[in-house]
Amino acid sequence: MIAHKDNSNNARYGMVVDIDRCTGCGACMIACAVENNVPPAAPTANERTGITPMRVIRYEHAGGTAFVPMMCQQCEDETPCAAVCPQNAVELDPATGIVGQIPQRCLGCRYCMAACPYHARYFNWGDPTWPDGLEKTLNPSVAPRMRGVVEKCNFCHGRWHEAKELAVANGKTGPVEYTPACVEACPSRAITFGDLNNSATSVNELAREKGSFRLLDSIGTAPKVYYRSRRDWVRAASGNASGTAEGAHRG
Amino acid sequence: MIRGLMLFAAAAALASTAGWLGTPRVLYRQQTQPVAFSHKVHNEKGGMACTDCHSLRADGSFAGIPALAKCAECHTAAMGETKAEAAFIADYVTPNREPQWLSYARQPDNAWFPHGAHIMRAKLGCENCHGGQGKSDKLPLLEVNRISGYSRDVMGRPGKSGMRMDACVHCHEQRGMRHACLDCHK
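For the protein sequence lines, the chains are X and R, in the order given.
Just so you know, we're using my numbering here: the first sequence kicks off at 21 and counts up by one.
Just so you know, we're using my numbering here: the second sequence kicks off at 539 and counts up by one.
Warning: the hint list may mix true and false statements.
Okay, the calculated bits of chain X under chain R, using three or more residues with CB under 8 Å as the criterion [unchecked claim]:
{"#": "1", "region": "109-115"}
{"#": "2", "region": "154-166"}
{"#": "3", "region": "180-188"}
Keep in mind the hints are simulated off the structure, nothing from the lab.
The C-beta atom is built at its ideal place from N, Cα and C for all residues, glycine as well.
Build the full structure now, drawing on both the sequences and the hints.
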């Protein structure tokens, strides 16, 4: 997988999640499902069969409770899902840094789900169904996925399409700015999103700040999702073997 | 022997003619447009450009087939003397009923085709993908594939590439445009 990090025409969309700000309300999960045409879960759905491209995980510790919004971490190096896919159904787009999932190519083997260190991938065990009338609320910018394929967060790629269309209409070139649904929905503004290649973005600044880290940074997947916390025990839980929870920012 | 050969040749010719004529009818359902619309009249007599009716919205998205309100801007009363126009006004404009236009170029749900980028940035003409539709005097029959539900103009005809993904990729390759899957898929 090629990641053109030095090309200024390319964006590297990334996210910074402030764990201390997250109240665990789950508005991001709802916004994500609505935006991305994820149908309401069956009453029998559990964490294995449900589809939650954005999922708030509750972490209990002697120090307190932390809520961790978990989505595809958009790994830049050795992207594990893309590396194992026998179908080329996962690709890291060098122009956006987004790890794309192509449902039409997916054969449903779920290697990627096994490979993903962040458990951020979900399988469509059945065809999507919407209660009568609710299909009218479907987002036309996102195609629903069919039975038998894997899906995940793609940083609201439909919104990127729309933003690009608007940029063309306004005669603008270069990387576009847009806001994913979860970022927009978060009432406590815990999530910041933007282009990590652009030094003027607040996401870039936050990612470099002290207290920012990446999950399982030590395994070398170089995710583009950063987390922040002032609480030591939260940072210590990030799974970094080095002991220091600070992630080395790759610019 | 010769009689046998002739019989065989005749039967083969008959079978292939029937196949040639019949197969498309088996594969495609034919549908007629609700209105006898002429692009040619609007283009030549009216001096109109494609974008006068098929426009981009302010957010850059493509508005597609115009709604009745667009037609009614000019056709509240008859402008010409054709039967087709009189019928259109009587059937649709006066009762304010939207014509159920059929689309020849409807793409699958998972395809994202930004008209703006192709028209404004790449400066491509409509005819690059839509052929001579903009100059045609009669709206052709819409042929819908009975299995996939897609138009034959999308699926392609003998000698015509249609509007399938390989046509997009071919053009993008020739022009050195990048094509990651999610550039055009959603």
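message = Flag every earlier hint the structure violates by its number, smallest first.
response = none
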